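Colleague: Please put together the full structure from these sequences, using the hints given.
Chains as they are written, first to last, in the working numbering: chain A, 679 to 839; chain B, 679 to 839; chain G, 679 to 839.
In short, the hints are calculated from the structure, not lab data.
All the pointers check out, no bait thrown in.
Computed cross-link-like contacts, SDA-like style, restricted to lysine to any residue with a CA-CA straight-line distance of at most 20 Å:
{"hint": "1", "chain 1": "A", "residue 1": "K752", "chain 2": "G", "residue 2": "I705"}
{"hint": "2", "chain 1": "B", "residue 1": "K752", "chain 2": "A", "residue 2": "S708"}
{"hint": "3", "chain 1": "G", "residue 1": "K752", "chain 2": "B", "residue 2": "M703"}
{"hint": "4", "chain 1": "G", "residue 1": "K681", "chain 2": "G", "residue 2": "R771"}
{"hint": "5", "chain 1": "A", "residue 1": "K688", "chain 2": "A", "residue 2": "V810"}
{"hint": "6", "chain 1": "B", "residue 1": "K698", "chain 2": "G", "residue 2": "A789"}
{"hint": "7", "chain 1": "A", "residue 1": "K752", "chain 2": "G", "residue 2": "M703"}
{"hint": "8", "chain 1": "G", "residue 1": "K698", "chain 2": "G", "residue 2": "G729"}
{"hint": "9", "chain 1": "A", "residue 1": "K698", "chain 2": "B", "residue 2": "A789"}
{"hint": "10", "chain 1": "B", "residue 1": "K763", "chain 2": "B", "residue 2": "D728"}
{"hint": "11", "chain 1": "G", "residue 1": "K752", "chain 2": "B", "residue 2": "S708"}
{"hint": "12", "chain 1": "B", "residue 1": "K752", "chain 2": "A", "residue 2": "V704"}
{"hint": "13", "chain 1": "A", "residue 1": "K698", "chain 2": "B", "residue 2": "G793"}
{"hint": "14", "chain 1": "A", "residue 1": "K752", "chain 2": "G", "residue 2": "S708"}
{"hint": "15", "chain 1": "G", "residue 1": "K752", "chain 2": "B", "residue 2": "I705"}
{"hint": "16", "chain 1": "G", "residue 1": "K763", "chain 2": "G", "residue 2": "L697"}
{"hint": "17", "chain 1": "B", "residue 1": "K752", "chain 2": "B", "residue 2": "N726"}
{"hint": "18", "chain 1": "A", "residue 1": "K752", "chain 2": "G", "residue 2": "V704"}
{"hint": "19", "chain 1": "B", "residue 1": "K752", "chain 2": "A", "residue 2": "M703"}
{"hint": "20", "chain 1": "B", "residue 1": "K752", "chain 2": "A", "residue 2": "I705"}
{"hint": "21", "chain 1": "B", "residue 1": "K752", "chain 2": "A", "residue 2": "P706"}
{"hint": "22", "chain 1": "A", "residue 1": "K698", "chain 2": "A", "residue 2": "S708"}
{"hint": "23", "chain 1": "G", "residue 1": "K698", "chain 2": "A", "residue 2": "A789"}
{"hint": "24", "chain 1": "A", "residue 1": "K752", "chain 2": "G", "residue 2": "P706"}
{"hint": "25", "chain 1": "B", "residue 1": "K752", "chain 2": "B", "residue 2": "E741"}
{"hint": "26", "chain 1": "B", "residue 1": "K698", "chain 2": "G", "residue 2": "G793"}
{"hint": "27", "chain 1": "G", "residue 1": "K752", "chain 2": "B", "residue 2": "P706"}
{"hint": "28", "chain 1": "G", "residue 1": "K752", "chain 2": "B", "residue 2": "V704"}
{"hint": "29", "chain 1": "G", "residue 1": "K698", "chain 2": "A", "residue 2": "G793"}
Residues of chain A placed beyond 12 Å of chain B at every Cβ, according to the derived structure:
{"hint": "30", "residue": "M689"}
{"hint": "31", "residue": "K698"}
{"hint": "32", "residue": "P808"}
Predicted model only: the values in this text are computed from it and were never measured.
Even for Gly, the Cβ is constructed at its ideal location relative to N, Cα and C.
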Amino acid sequence: MAKIEARLEKMGIVLPPPLKLPAGMVIPFSFVVVRGSTAYIAGHAAQNADGSIAGPLGKVGAEVTPEQAADLAKGVAVSILASLKRQLGDLDRITGWNKALGMVNVAPGFAATTGVINGFSNFILDVFGPEVGEHTRSAVGVAVLPMNIAVEIEAEVEIRT
Amino acid sequence: MAKIEARLEKMGIVLPPPLKLPAGMVIPFSFVVVRGSTAYIAGHAAQNADGSIAGPLGKVGAEVTPEQAADLAKGVAVSILASLKRQLGDLDRITGWNKALGMVNVAPGFAATTGVINGFSNFILDVFGPEVGEHTRSAVGVAVLPMNIAVEIEAEVEIRT
Amino acid sequence: MAKIEARLEKMGIVLPPPLKLPAGMVIPFSFVVVRGSTAYIAGHAAQNADGSIAGPLGKVGAEVTPEQAADLAKGVAVSILASLKRQLGDLDRITGWNKALGMVNVAPGFAATTGVINGFSNFILDVFGPEVGEHTRSAVGVAVLPMNIAVEIEAEVEIRT
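Modeller: This is the structure:
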């Protein structure tokens with residue numbers, strides 16, 4: 679078995695199926711596009727086991743607690759791995775995490791976006807280790823996210839072609 | 679005639695001249711920078727035929743309707759193609775759209791940013807086709823955009839050197 | 679002496695030490711990650727000479743003036759150069775600035791984000807000159823930034839390997 683998938687299995691992580699969109703929503707973009715040795719990763723949301731968008735929805739600091747938001751950020755990482763698995767076939771092809779842009783749907787006065795996106799970063803480092811998993815990041819509070827999700831993250835990885 | 683420009687002509691699309699800035703505004707950055715086989719594209723606004731910033735200005739969900747905003751997102755794509763044409767000489771040099779970051783100036787409560795940025799994505803796919811035009815994307819609601827424009831998009835493409 | 683560092687010295691710029699985080703804050707990401715000939719640069723804040731986060735904190739257009747914000751944007755550039763120096767050893771290895779994403783923590787009604795991020799762009803062009811320093815950019819107003827800083831910028835440069 680592939681190394682990264684064995685690691686995920688040991689951690690009890692199950693990768694979700696493709697995103698089940700709300701009725702009437704169309705997305706003309708792709709979740710992962712490979713160009714040369716770079717895989718570009720669209721903004722992802724956390725998913726439930728059936729592929730639907732995972733809640734809680736809303737603003738962090740109001741409807742969503744910081745702890746729930748950090749869990750959602752980890753869930754975003756899992757969704758991204760599922761998309762990468764579908765596109766690359768083998769997650770061991772990932773040779774380096776380049777960067778992530780973490781976007782948090784914040785209520786007025788909530789500035790602890792660092793701790794929220796740490797849910798993503800800690801998981802990636804845990805799964806891929808300090809060399810492959812090392813990445814740069816921003817963690818920014820935005821005015822709104824699609825469908826009022828609480829956390830969205832886009833990223834870029836280097837892959838073996 | 680180059681393939682992509684013939685396609686634009688057939689669609690009735692005319693590329694605008696360089697951005698005409700409001701009096702007193704200075705922008706020290708470039709709209710397209712080529713490094714190796716990557717063209718980096720600055721955040722663009724939609725333009726009028728004379729090169730000025732296209733309206734309506736303001737927040738989507740308040741002064742700007744979602745339909746107007748999706749039209750502006752298509753207009754941003756046209757502005758980006760104009761900048762790429764000036765920098766690359768030939769739009770057929772574009773071999774792949776890597777990614778786009780769509781930023782929507784939202785009024786409180788407006789979360790349908792996906793549909794807005796679809797105006798960009800659908801146009802790029804229409805012009806470049808499903809292989810070259812395929813791209814990843816985020817569509818995020820921000821607190822404000824320069825000059826209070828409603829939609830701004832930055833992107834990255836792969837080019838033939 | 680290296681060319682860029684000689685230029686900084688002549689300008690009276692002293693690069694700050696690594697970021698001194700507020701008590702209890704953990705950041706699992708890296709400030710610069712090199713993959714091939716690209717250096718990815720995490721979102722940075724301006725720093726004081728002792729490495730701590732530089733103020734004023736808060737929203738531009740309310741607690742922070744546009745002029746202070748432009749100074750902070752220049753300070754972000756200095757912090758980024760300090761991180762690049764630690765990672766690359768020699769700032770002359772930078773062969774091109776690819777892009778920057780400037781994020782401004784805005785008060786309602788403040789849309790002059792362009793002028794704020796010009797503090798970054800002008801400094802980079804001043805230090806690196808028009809060829810190496812040329813870059814694309816977005817300057818966006820966000821709902822909040824980590825620790826309520828006023829300006830955060832992430833970037834990407836091309837380097838000699």
